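Please construct the entire structure, taking both the sequences and the accompanying hints into account.
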Amino acid sequence: MGIVFLFLIASHYLGLVRAVETGIRKITIPILREMHGFSIKIGENYQFFRNRSEFFKAYEECSLSSNNMSVIEAQMKTLSEENLELKKQLNYVQKNKIQSVLAKVIGREILTSSQTIIIDRGEAEGIKLDQPVIVGDGILIGKITKVEKDFAMVRLVNDNQSRIGSVILNKEKSQGVVEGGFGISLRMNLIPRDEDVIVGDQVVTSGLEKAIPRGLLLGSVAVIENEPYKPFQQAILTPGTNLSKLTSVSILLTK
Amino acid sequence: MFRPLKNLIYFIFIVFLIFVLHTGISYFFPYPFNQINPAYLFLTWFFVYRDQEKWLWPALGISIIMDLFSSLPFGVTSASILISLVLVRYLFVIIFTNYSWFNIFILGFTSLSVYKIISFGILSLLSIFIHGLWKINVIDIYVWLLEALVNALIFLFIYGIVKLLSPRKIYYGSL
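Just so you know, the sequences run in chain order A and B. Residue numbers for the first sequence follow our numbering, beginning at 1 and rising by one. Residue numbers for the second sequence follow our numbering, beginning at 1001 and rising by one.
Don't read these hints as lab results, they were simulated from the structure. The model shown is predicted, which means the values in this text are computed figures rather than measured ones. None of the hints are false.
With a Cα cut of at most 25 Å, we get these calculated DMTMM-like pairs of lysine to aspartate or glutamate:
{"id": "1", "chain 1": "B", "residue 1": "Lys1135", "chain 2": "A", "residue 2": "Glu209"}
{"id": "2", "chain 1": "B", "residue 1": "Lys1135", "chain 2": "A", "residue 2": "Glu148"}
{"id": "3", "chain 1": "B", "residue 1": "Lys1135", "chain 2": "A", "residue 2": "Glu225"}
{"id": "4", "chain 1": "A", "residue 1": "Lys245", "chain 2": "A", "residue 2": "Asp130"}
{"id": "5", "chain 1": "A", "residue 1": "Lys245", "chain 2": "B", "residue 2": "Glu1147"}
{"id": "6", "chain 1": "B", "residue 1": "Lys1006", "chain 2": "A", "residue 2": "Glu21"}
{"id": "7", "chain 1": "A", "residue 1": "Lys104", "chain 2": "A", "residue 2": "Glu123"}
{"id": "8", "chain 1": "B", "residue 1": "Lys1135", "chain 2": "A", "residue 2": "Asp130"}
{"id": "9", "chain 1": "A", "residue 1": "Lys255", "chain 2": "A", "residue 2": "Asp120"}
{"id": "10", "chain 1": "A", "residue 1": "Lys230", "chain 2": "B", "residue 2": "Asp1140"}
{"id": "11", "chain 1": "A", "residue 1": "Lys230", "chain 2": "A", "residue 2": "Asp201"}
{"id": "12", "chain 1": "A", "residue 1": "Lys146", "chain 2": "B", "residue 2": "Asp1140"}
{"id": "13", "chain 1": "A", "residue 1": "Lys171", "chain 2": "A", "residue 2": "Glu225"}
{"id": "14", "chain 1": "A", "residue 1": "Lys255", "chain 2": "A", "residue 2": "Glu123"}
{"id": "15", "chain 1": "A", "residue 1": "Lys255", "chain 2": "A", "residue 2": "Glu125"}
{"id": "16", "chain 1": "A", "residue 1": "Lys230", "chain 2": "A", "residue 2": "Asp194"}
{"id": "17", "chain 1": "A", "residue 1": "Lys173", "chain 2": "A", "residue 2": "Asp137"}
{"id": "18", "chain 1": "B", "residue 1": "Lys1054", "chain 2": "A", "residue 2": "Glu21"}
In structure tokens, the structure reads:
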């Protein structure tokens, strides 16, 4: 048994059994995809009935904030026009836009302690390790952690092994590290104690990591922990999107 | 000639069934019930408790499939499962020996704990060579203990059901 096992491991790394592995994945991936889709539907119904009273409260808050957003949108447009004008005047050279690949989420890792999703794109589409994965217009949800020819795995930002260099969009532009907490929370650590952080501040990627560009949204500050005996303060973040209901993602093909 | 073919089909069917059951529980159940590891419990029941050595081959099949969908380096999950099953079987035969409900609970708890310890040991060793592969956290230990406890309770539950339905089958030895 030991010899057979070692032979299988060696064959995998030498690429001798790739065809067999691909065949097994082709059989099992449709099952994972259907189960994943069904589990999201079950989760949605469960959440609606569990939070019915909160649903109406959230709706009222949403209506109020949308009025405020209209004002902010107008200011943003003005600033955007000014920015364009300044760039022209400074002969600003626009960097090449980063290409991206759209992928569907076909499942989650079945080892229970990891927050990792499986997507249906791989090396064939140019995906490499540590490339960032986003949803929407730029909400970072994780990084590529494993790549095969026809599929890849993404470690979500709320996985306990995830660490992302980040910056808070406050006056001091406080830098820190966002770490995941077993799929339950996002926590930003190593924030200097003397810098002001308030609830609601947005947190984005710092750009200090090689493959992750600056400015991808991670979340917003929900709770601040600033103990006098600790050298750094911590912030618990609300993720930018619901990480348990991902169906489609984009992978940024950074180098 | 047909017997090996029949055994192969049976083997593939069992591996496939356990994989589907494991995936279903992981995807559909809320926390903490999604911590249940039916693949490992199944293998512990037949390989350790029922002392059926032939179950090591389905264990190899199941662990290889789990490795194909694992973010850990290939081989870590398989090695952890197989080594832990063999170690736990040795512990059960030499040290635990009796088959009271308390020992069944201990078996369930120990088997998952040994699996996790071996898994972390392998990852820690690999982390020396692969920078940033894995880092242990104190909270990891609490989560693993919870996982072992949940699985031990389910294992005890399965033992209770089997004892209720067919008490004569609860004995040491192959069927």
